[in-house]
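Chemist: This is what each chain is made of:
Number of protein chains: 2
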Amino acid sequence: KDEVEPKNGRKTFYTVEEERIEQAQRSVLISCPAKTNEKKFLKYLSRHGDINKYFFYESYGMYAVVEFVHKESLTSLLNGTAIPCINHEATMPFKSRLLSLRNTGSVDQSAPQCQSQTTIPINDLIQRLSNENSIDHQITSLTEMYQLTEENVCLRYLVCSLLKDIAAAYFPECKIRPFGSSVNGFGKLGCDLDMFLDLDDISGRNVKKPKAGLSLEYQTKRAASERAATQSILSVIGECVDQFGPGCVGVQKILQARCPLVRFAHQPSGFQCDLTANNRVAMKSSELLYLYGELDHRVRCLVFSVRCWARAHSITSSIPGAWITNFSLTVMVLFFLQRRTVPILPTLDHLKDLAGPLDKCVIEGNDCTFVSDFTKIPLRDNTETLEQLLQEFFEFYGTFAFSRMSINIRKGREQSKSEVSPLNIQNPFDAALNVSKNVNGTQLERFVGLCRESAWMLQQREFNVPHSQTRAATRDRAPWGLAALLLPSVSQAAGVKVRKN
Amino acid sequence: KDEVEPKNGRKTFYTVEEERIEQAQRSVLISCPAKTNEKKFLKYLSRHGDINKYFFYESYGMYAVVEFVHKESLTSLLNGTAIPCINHEATMPFKSRLLSLRNTGSVDQSAPQCQSQTTIPINDLIQRLSNENSIDHQITSLTEMYQLTEENVCLRYLVCSLLKDIAAAYFPECKIRPFGSSVNGFGKLGCDLDMFLDLDDISGRNVKKPKAGLSLEYQTKRAASERAATQSILSVIGECVDQFGPGCVGVQKILQARCPLVRFAHQPSGFQCDLTANNRVAMKSSELLYLYGELDHRVRCLVFSVRCWARAHSITSSIPGAWITNFSLTVMVLFFLQRRTVPILPTLDHLKDLAGPLDKCVIEGNDCTFVSDFTKIPLRDNTETLEQLLQEFFEFYGTFAFSRMSINIRKGREQSKSEVSPLNIQNPFDAALNVSKNVNGTQLERFVGLCRESAWMLQQREFNVPHSQTRAATRDRAPWGLAALLLPSVSQAAGVKVRKN
Ligand SMILES: Nc1nc2c(ncn2[C@@H]2O[C@H](COP(=O)(O)OP(=O)(O)OP(=O)(O)O)[C@@H](O)[C@H]2O)c(=O)[nH]1
Ligand SMILES: Nc1nc2c(ncn2[C@@H]2O[C@H](COP(=O)(O)OP(=O)(O)OP(=O)(O)O)[C@@H](O)[C@H]2O)c(=O)[nH]1
Ligand SMILES: [Mg+2]
Ligand SMILES: [Mg+2]
Chain A
41 KDEVEPKNGR KTFYTVEEER IEQAQRSVLI SCPAKTNEKK FLKYLSRHGD
91 INKYFFYESY GMYAVVEFVH KESLTSLLNG TAIPCINHEA TMPFKSRLLS
141 LRNTGSVDQS APQCQSQTTI PINDLIQRLS NENSIDHQIT SLTEMYQLTE
191 ENVCLRYLVC SLLKDIAAAY FPECKIRPFG SSVNGFGKLG CDLDMFLDLD
241 DISGRNVKKP KAGLSLEYQT KRAASERAAT QSILSVIGEC VDQFGPGCVG
291 VQKILQARCP LVRFAHQPSG FQCDLTANNR VAMKSSELLY LYGELDHRVR
341 CLVFSVRCWA RAHSITSSIP GAWITNFSLT VMVLFFLQRR TVPILPTLDH
391 LKDLAGPLDK CVIEGNDCTF VSDFTKIPLR DNTETLEQLL QEFFEFYGTF
441 AFSRMSINIR KGREQSKSEV SPLNIQNPFD AALNVSKNVN GTQLERFVGL
491 CRESAWMLQQ REFNVPHSQT RAATRDRAPW GLAALLLPSV SQAAGVKVRK
541 N
Chain B
41 KDEVEPKNGR KTFYTVEEER IEQAQRSVLI SCPAKTNEKK FLKYLSRHGD
91 INKYFFYESY GMYAVVEFVH KESLTSLLNG TAIPCINHEA TMPFKSRLLS
141 LRNTGSVDQS APQCQSQTTI PINDLIQRLS NENSIDHQIT SLTEMYQLTE
191 ENVCLRYLVC SLLKDIAAAY FPECKIRPFG SSVNGFGKLG CDLDMFLDLD
241 DISGRNVKKP KAGLSLEYQT KRAASERAAT QSILSVIGEC VDQFGPGCVG
291 VQKILQARCP LVRFAHQPSG FQCDLTANNR VAMKSSELLY LYGELDHRVR
341 CLVFSVRCWA RAHSITSSIP GAWITNFSLT VMVLFFLQRR TVPILPTLDH
391 LKDLAGPLDK CVIEGNDCTF VSDFTKIPLR DNTETLEQLL QEFFEFYGTF
441 AFSRMSINIR KGREQSKSEV SPLNIQNPFD AALNVSKNVN GTQLERFVGL
491 CRESAWMLQQ REFNVPHSQT RAATRDRAPW GLAALLLPSV SQAAGVKVRK
541 N
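As they're listed, the protein sequences go chains A and B. Residues in the first sequence are numbered from 41 upward in steps of one, following the working numbering. Residues in the second sequence are numbered from 41 upward in steps of one, following the working numbering.
The shape of chain A in the complex, shown without the other chains:
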């Protein structure tokens, strides 16, 4: 039943990351006229070397991502590329790997096939799911439709790589690493692109003392604190992105935030981007989520279904506020899977015990060590179906003692709350922190109410088997199962229920 295969086999997080970063460095992003002859296009580019893979997509016009076999092909390609000459003095003569294809020859009639980079609208989803024959199929089908495609992941790494070129102008050895849902396995098409500017590899930064005698050091500017240094670096990079970054619009420097960041929209990819620096724990969280997601195919399926359900009922939101975040929701699913009679997921403490010497990792005093090698992790033989798990998830959280207990995936067991926030999900790498501190009582109540209502619905025969009759006009079935859970009526019903209690 492994219809949703772990896409990169069983590679560790860092192996996948390194491969992707390297591929992205051999790639280029090209804006193309809508009518572009694919064959001519490939022939034109192949003069610079063999192409490994490529695809087209639409986003404010048509674009192509082209990955060469050798990095040198890019050098050759860029050498033959011109700065646009019309009104040239008012152009920022900044060269990047975002190019435009011009066709001054005969107009082509064909248009290449485009890969979609967005999810289908919720109503279409509901319809598609209703046509499946079991809730299990609905859940895997939703996951397949929502999860990042191979192409979308390539595009994400390419955008990081383009941004890296800007940052590398000053910090040649820096890396820009995606984190969060772009890489943790739980990303939905269209999710934002969280990026981390990693300056730790800058040679000499974490370096040996010089030998006796003469030695040379770079003269550098000092900042008042590590935070101030991060702010300065992000400020300059933000300025460059704003003034030079082709396709980068709406640049905001949010430097006073707890975690300073630069936010912008990358038009050619359609991604909303957040660039942070000095954010190593978030990177580690992403790795942990990735690992959990790879351990059992049911993990991702359940997370996608729960996230989609939560978004449909405005439990989560794209605007920050007192809402539960996708990250919190994911941790809740992981915790639930640890709490099965036969646990599907091991505790973080267990993952730590399995760690090898190379896995050791301490960040700002917090031990973030856990195993990276999947083969070392023994799994229990749990055979529950996705349908069962979804049902039980709603029951679990519909009756959880939120007022007394906190959720802790390190121990895999609820802990007595030592905090007043309505919802307490302990940060896996710093138990004293609450990942869901922002959530207020109303939002938690709404969540609990919806869980109960959804659990109830899944028990009704009316909802938990496919409707046999199809609607005359469209031949589509009426919503049932997971599809029914996404209908507004669920939240209306739950709203009534909460008010009744």
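Take these hints with a grain of salt, some might be off.
Any copy, or any two copies together, can satisfy a pair, since identical chains are not distinguished.
[Said to hold, decoys possible] Distance condition first, Cα-Cα at most 35 Å in a straight line; then the derived DSBU-like pairs of lysine-lysine:
| id | residue 1 | residue 2 |
| --- | --- | --- |
| 1 | Lys477 | Lys324 |
| 2 | Lys83 | Lys261 |
| 3 | Lys215 | Lys111 |
| 4 | Lys93 | Lys416 |
| 5 | Lys261 | Lys215 |
| 6 | Lys457 | Lys477 |
Since the hints were made in silico from the structure, they are not lab data. These numbers come from a predicted model, not from an experiment.
Fit chain B with the ligands to the supplied structure of chain A, relying on the hints for placement.
Modeler: Below, chain B with the ligands without anything else, positioned relative to chain A:
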């Protein structure tokens, strides 16, 4: 009597510039402990390759400029250089060619000899000049003491080169070219460093149309105008200099000025720096002044003396205002030398007639063409002494018809004024512009009064021959000749005179 030799033989402006830029790229600036053993230091550096030349100087501590024979030596040197590790997280890990030498071995007792990068104080100058035996000697002596030294010019190009590294991060083919008094031959030790960011060489910027068929272009950001593009570029570079540029302090972005600029102090060199972009005419003015200065050794001598005299009496100032600028003063000297009975300098129109095809140059519609090859310029046989010329300079401007006439070095002849400004010095490359528009009536009157007073003094035997008696205590002579012209009493006398008129 050619005591002040043209320093670079008869090389054209651009030949000199190219050589200097290339030397600077092979050079590095190193902050050293005051007690540094020169031999050990050189031996340490020579491991990376042969050193072409080097020197030490003081400026908030001791520094060394080291020029390698090969550029590769620098790569090797920088590879062995570390980012400082104390409190490393709060350092900007930006690598430049400004380094610090550490000595963790035995403390050295010797200190290398330092080259001075500043002029002597005015009172010392007056004393030194008084000890010369003729006014001609006084004038050449002042010139020798004031003019930029070989080392100081190297340091100026090195600072440009360091700044170029910052700008080249985004515009790899850019150049940073010094202009103004740093290169026009009239610079005094300690004068500011005017720099021009030249983006015109960026390949493809001024480029051919693509052939029919497919072609690629860089996607670039557009600015509303050329001026807006310049402002954006300077804004980003200013930000980088401010946040990352080691030793760069007090960075001001003056982007709303007629000619937008970034101003900062470069502490390790002690230079006040002005970075502009898109300022090609000023570059051409500098070339013209350089050419005039190279034509006859008396040109520089006279300009230095007049500038020093003007500064001593606050005719010029380091603060912008209604004062005459050094640039205007220089043009006035050039004009005076064109107006001799046997002209010492040719007119700009004549220099234009002598130009070859490669000298052709039109900037923003203004013809800036003039000959660059010195050997093509025939010179007249004028044998006036520096003393005569200085005397005549003061008489010339003490009696010039400023109210009716403008100064025009293109024609080498005064023109009827078509403007109301008290002082009208026509821009050599745009006759409609007045280089001294800023000068008000009071300042012009002060200048004229001082010219008259100085002319009068130089005619008095009391002032125009060396005083025979030396002062008992110091064995120094009382001020006479040029030295006497620098005393405050001259301006006091002139002040009285102006008021009497
Ligand atoms: N410790 C902690 N980490 C957080 C918190 N919020 C976000 N993060 C981390 O930052 C990453 C990116 O944050 P988001 O973009 O909000 O969440 P996401 O996981 O990418 O999910 P999307 O909503 O799909 O973007 C998350 O994956 C976490 O690793 C928080 O409240 N606490
Ligand atoms: N056309 C024009 N050019 C000017 C004017 N002022 C300055 N420049 C140009 O800009 C250059 C640098 O200006 P400054 O730094 O003020 O003058 P400078 O010649 O370097 O002399 P210093 O006073 O020693 O710095 C000059 O050499 C001129 O080429 C002006 O009013 N008009
Ligand atoms: Mg995210
Ligand atoms: Mg100047």
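Chemist: Hint by hint, say whether it matches the structure.
Modeler: Hints versus structure:
Taking the shortest Cα distances, Lys477 and Lys324 sit within 35 Å of each other inside one copy (20 Å), while across copies they are farther apart (64 Å). Taking the shortest alpha-carbon separations for Lys83 and Lys261, only the inter-copy value of 28 Å comes in at or below 35 Å, while the best intra-copy value is 49 Å. When the C-alpha separation of Lys215 and Lys111 is checked against a cutoff of 35 Å, the pair qualifies both within a copy, at 17 Å, and between copies, at 28 Å. In this homomeric assembly, Lys93 and Lys416 come within 35 Å of each other (Cα to Cα) only inside a single copy, at 34 Å, whereas the closest approach across copies is 61 Å.
For the identical chains of this complex, Lys261 and Lys215 are neighbours both inside a copy (21 Å) and across copies (24 Å), given an alpha-carbon limit of 35 Å. When the C-alpha separation of Lys457 and Lys477 is checked against a cutoff of 35 Å, the pair qualifies only within one copy, where the shortest distance is 13 Å, while the shortest distance between copies is 77 Å.
This entry satisfies every hint, going by the numbered hints stated previously.
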